[in-house]
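A.B. asks: Below, each chain spelled out in residue letters.
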Amino acid sequence: MSLESAATLAAPVSRPNAPPKMTGENVGVFYGAKQALFDVNLKIEQFNVTSLIGPSGCGKSTFLRSLNRMNDTIDGCRVTGKINLDEDDIYDPSIDVVELRARVGMVFQKPNPFPKSIYENVAYGPKIHGIARNKADLDEIVHSSLRRAGLWNEVKDRLQEPGTGLSGGQQQRLCIARAIATKPEVLLMDEPCSALDPIATAVIEELIDELRENFTIVIVTHSMQQAARVSQKTAFFHLGKLIEEGKTEDIFTNPKNKQTQDYITGRIG
Amino acid sequence: MSAGWVVAIVLAIGAVAYFFAAQRARVQRDSTDRAKEVPHSLPTYHGWLAFIFATVPALLVFLVVSSVSSGLLEGRIRTEVATHIADPAAASLSIGMVHNTSNALGQLGLSGANVPASYAALRDMATSAGISLAESGEDYMVPLAASVNADAGVHKLIGQGLTLLLALAGAAFSYSRIRLRLRARNQVERVVLWSLLAASTVAVLTTVGIILSMLGETIHFFSDVNPLTFFFGTVWDPRFAAAGSGGSEGQFGLIPLLMGTLYIALVSMLFAVPVGLMAAVYMGEYASNRVRSTVKPLLELLAGIPTIVYGIFAVVTLGPFFRDLSAALAGGFSFIQAQSVLTAGIVMGVMLIPVVSSLSDDVITAVPRAMRDGSLALGATRSETIRKVILPAALPGIVGALLLTASRAIGETMIVVLAAGVAARINFNPFEAMTTITVKIVNQLTGDLEFNSPQTLVAFALGLTLFTLTLGMNVYALYIVRKYREQYE
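Each protein sequence line maps, in turn, to chains V and U. Residue numbering for the first sequence follows UniProt numbering, beginning at 1 and increasing consecutively. Residue numbering for the second sequence follows UniProt numbering, beginning at 1 and increasing consecutively.
Treat the hints as calculated values from the structure; they're not laboratory data. By construction, the Cβ of each residue, glycine as well, lies at the ideal position given by its N, Cα and C atoms. Misleading hints may appear alongside valid ones.
For the chain V half of the interface with chain U, some residues (derived, Cβ under 10 Å), not all of them [unchecked claim]:
no., residue
1, D72
2, G81
3, V104
4, M106
5, P113
6, P115
7, K116
8, G150
9, W152
10, N153
11, V155
12, R178
13, L188
For reference, chain U alone in the conformation it holds in the complex (with noise of 0.2 Å):
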């Protein structure tokens, strides 16, 4: 039997439990006076505190028999594997072939006596029923491999078993307590209330757990490299270090790639900023309803167009627009390169140009419409209003909203992978490649790799260099966002 069945089972036991349940509650109800006794809760919520006797405590303990099932048996290979082989590097490769022999003879249903006694046997059985298997196997693993899958099949049966047990148990349990006065409302609220916060603590722990992996890895490329040499190095060269020069110290210079990045950022800004706080002014002062119904939610549109594909608008279009068009002006040369800082920027601003509108908008329109009226009142045109008295009255707000909107375009990917180059120099000429630290992290991830060198090391290095970044950033903008709110409320 499956995990997938074993969950439906589950389910269905709940839902079967939810049934009786409600009846019971139901029955009871009707069978009481009212005036001598009131019931406590509706039937519904009777069946619902069954439904949730009998599946959360059943698949919770299904869970954990399953991952404590599979921590001991990769444990068990582990050690075995270790009696065979010394070197940890290599063990690690064994280790993976045990686990596909493993999976092999489940396939062909092999256990007990059948299982043969060559790894070279087993071999032309799978490959002769259609599944590949490493060449380089020893013998051992085969017999270690039949008998984790023996061990994984009892720890399967006492899993399901008592998974089940505990689901009907569950529901009876639940299922005998109901009386007129037992407050199941209050327990099902009290279930809603922690599965809510469950759903509100994944993203944390998540957060949490990204930024221990990556410190883990980086911690891991600064025992290779110098901190300082990465902070503080301009150049970025890690493929000249792998050759093995002696210089592998000062290849990893962070520098240029964070110009880079905050030199696109600016450019994108400076082209986002203006044109869409122009539109957010329009959109909350000016355009009608009827426009604004119509304008808004196209602008919006825009911000879910993927990056890519902004991207490939850089490269295929824009780009080679922009060298033509500089070639035309200068006369045959073409002094800005089809990839470029102002290409990226361009583009990026247009991705941001909903981000910054959306934003400002809202920071515009929580603006009390008695300060428009005061203004208005006093003779002031609406431009006027909106300079001198709406946009400082919204300001920190609007601050707020562009720090949120530098932190998306410091952690673009796509666009600048595509459109801004991997050129990483330092560079104040807009009109030329520069890279950012999003594209060295694809660069370096890119391929088939073993996460073990420096080279690619360093991409989690940079990835916690732009995490600390941006979330600083984000944190500021929250705090002047916040610290606004409260000036209105």
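Pulled out of the complex, with its shape left as it was, chain V reads as follows (with noise of 0.2 Å):
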């Protein structure tokens, strides 16, 4: 399948008017002395899916991860500039990280489920928040948050058994699912594919754009014909900065920058 058949096979921006749901100005993120990210400014649309794409260490996992403050939990990590979720400058102090990071959730590049039972793995999140009035409800969550993340037919006989038992591709099912249950608005995804084999790889893909009607979804992808499948939007990172983002199929049919250009046909990265 070639790039331009690709893009062109993801659906239209669905909402044009609505006003983004997370906007980066003038995004820099320091680890130490070190400056990783250079005055990022960037809208993300509400349901549509967003791939950052760029070689390795261009700061698009950094930008990621500035958007729900896990950077907090790395020792020496500064953040300038402004995130906004909605209307809320996330990095405000009166902004309670742990309520935002059930705003905004994250699914990571291993696949890392909790050493605990697939029922309460997916439970972990609404448990801790509350979510849940009783038992039903909880049931509930966990059921349709495991049909969503289309693995209800794998596991539906062996709920309590380990989650850790399951394939690489099930257990990242089951992170997508346990990150759902907290009913977040933003899905994060950190290359939530390069641990697993192309048939799983495809089965994420399609779940990806079917949670696109329900959350914003923003995606670190090195595969970039898995950007022009899954995404929207298009951002290109190259050392650090911002050089390129606009809609998917104008990316990679009709890049306006040459760093991008070179990237996407393969010349440098």
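Both chains come to you apart, so use the hints to assemble them.
C.D. replies: Structure below.
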């Protein structure tokens, strides 16, 4: 499948006039004295999939992790500029980080289910946030999350078995179910398929397209085909700078920047 | 020539062999065209090989000859003495006297015709030279000791000559063997392997030796005292039995000691586990690198304090403090005794804190970072993450760590000797004194004793019981820790 035809397969931007879900203004990130990200301005549209692409070390994961303040857990990391979720500045001191992370969920590169049962993995978020009122409510949340993650049919008979016993692709879908069980508004995915085989990858990509109906998704990927297949908007990072962003089809068929063109045609990166 | 000199000379021969062998290998290497023939090993390996050939067989032979010689001489003294004295207990005393006599002869430099004919004459000479000899020696001991000395001299000469000869032969052999393609490197490697193996066997063999020596004495003890009354007896009163009042059985009851041991260990664990675990969680999860790098070594410093110092702290400071505190609380009557389960337990707990925290810290930091990130990204707080994800994931490892700690608590001696008291009784009041197995072992073996009465032999039975207990716990702990490791790797 060529890049062009892949890009056209993705559905067009669904709600063009809605205000952006998240906005980054002049975002810079420092690890100690070293600056990893420079002046990034990017709008994340609601109910869209935005993919962040670029060579390793270009700052795309750093930007992703600053969207739910997971960078806070790294010693010596400092974020400058402004990131808004709807109207709220997420780096404002009055913001509760814990609450923010419940609104902006995350799926990691390597599947990281907790060493608990499948049920407990999914119920973890709802339990700590008190989303479910009772056991039946919790069951319903767990079941529907597993269904939306496309995992229900495979695990419905063994919810009490450990989540670590599933296959890699199933584990990653379990992590997605776990993330959507807390009913986040935005879902961040950090190379969610890089540890998976092509079949499991295809399943997850399909899933991402379905999840777009209810969630705003930001995905970091190394695979340009994946970016073309699943996303409506694409942002290209290089050496800590945002080089170009726009509709996925435009980026892949008609890049304005020379560096972007070099990257998507495989000349750098 | 003393043994030290022999060893030194052998090592010197080895060093010379090293130098010459390496030199020869170097010359051979330099005089060959590398394109035609490639030398197999570096010259230093040829040197080391020569050193090994020169020293190892020689020193082994020296060791063997020395031990065989002392065995032979001991056997001779034994048979000779047995012809004079029938009773084995008295004979062992006389054997000791013969040894002393031969030492005295050696120190006085007497041999052959110079040896005095009577024991009394020798004793006078020894006394005037400042050497003390037992009074009750008999005349037959003097010629015996003299001839033993003469034999020892011959043995020594043979041993030393053989050793030096072997060292020279080994050096010469390996020197003559040096060729370009000699696999000296591989042979040195094999010697290294064997010496590593020998080093690790020492610990195992020592353990086996300890068990066997304790087992022998324990069996001896159980031939006097019924094992059932030992293991299930509830009264500990060994001295009463020594009075020979007929009730010797039932006085060596293990139960009060075992209960005291477990009770004090329990109190110490109740104190050490929460504190140590929380310290580990703080170190592993919250502390910044700067704090961690100062506080952790400080905490581990606690582990370096000798336990007798903890015991002194307990008996001088904490015990009286608790006693006075309880007196103040109860209006004059101190319900906490100065030596009590509580004092011993708490001080032992302090000793155990670094053990708990450093073992659990290792286990906690071994939980993959992905687990923490996963939980934090779901909007969990740090303490929720620790309680619900990290501790459950680390639990098997922590349990293993706690078992190791518990076996330390059970085997601990000096703190309880000072702080727990010596009253062997079954008691559930933590404010009163109890005693432990280790304290009683110390009690039974303190002083100038012969290991032939149940009063002293019981120490071995107690020791073996303790050893079995802690060994079992350690094995179980290692099993759990290993099982846990398999999950992540």
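A.B. asks: Taking the hints in turn, state whether each one holds.
C.D. replies: Hint check:
Interface hint status for D72 (chain V): upheld, as the beta-carbon distance to the closest one in chain U is roughly 9 Å, under 10 Å. With a least beta-carbon distance of about 22 Å to chain U, the hint placing G81 (chain V) at the interface is violated under the 10 Å criterion. Residue-level restraint check for V104 (chain V) holds (minimum Cβ-Cβ distance to chain U is 9 Å; threshold 10 Å). Restraint check, M106 (chain V) versus chain U: the minimum CB separation of about 4 Å is within 10 Å; hint holds.
For P113 (chain V), the shortest C-beta to C-beta distance to chain U is roughly 8 Å, which falls under 10 Å, so the interface hint holds. For the restraint placing P115 (chain V) at the interface with chain U, the shortest Cβ-Cβ distance is roughly 5 Å, inside the 10 Å limit, so the hint holds. Hint status for K116 (chain V) relative to chain U: holds, with the closest Cβ pair at about 7 Å, below 10 Å. Hint status for G150 (chain V) relative to chain U: violated, with the closest Cβ pair at about 20 Å, above 10 Å.
The interface hint given for W152 (chain V) is violated, since its Cβ lies 20 Å from the closest Cβ of chain U, which is over the 10 Å cut-off. With a least beta-carbon distance of about 24 Å to chain U, the hint placing N153 (chain V) at the interface is violated under the 10 Å criterion. Against a cut-off of 10 Å between C-beta atoms, the interface hint on V155 (chain V) is violated, since the closest Cβ of chain U lies about 18 Å away. Of the supplied interface hints, the one on R178 (chain V) holds, with its beta-carbon coming within about 7 Å of a beta-carbon of chain U, less than 10 Å.
Residue-level restraint check for L188 (chain V) holds (minimum Cβ-Cβ distance to chain U is 8 Å; threshold 10 Å).
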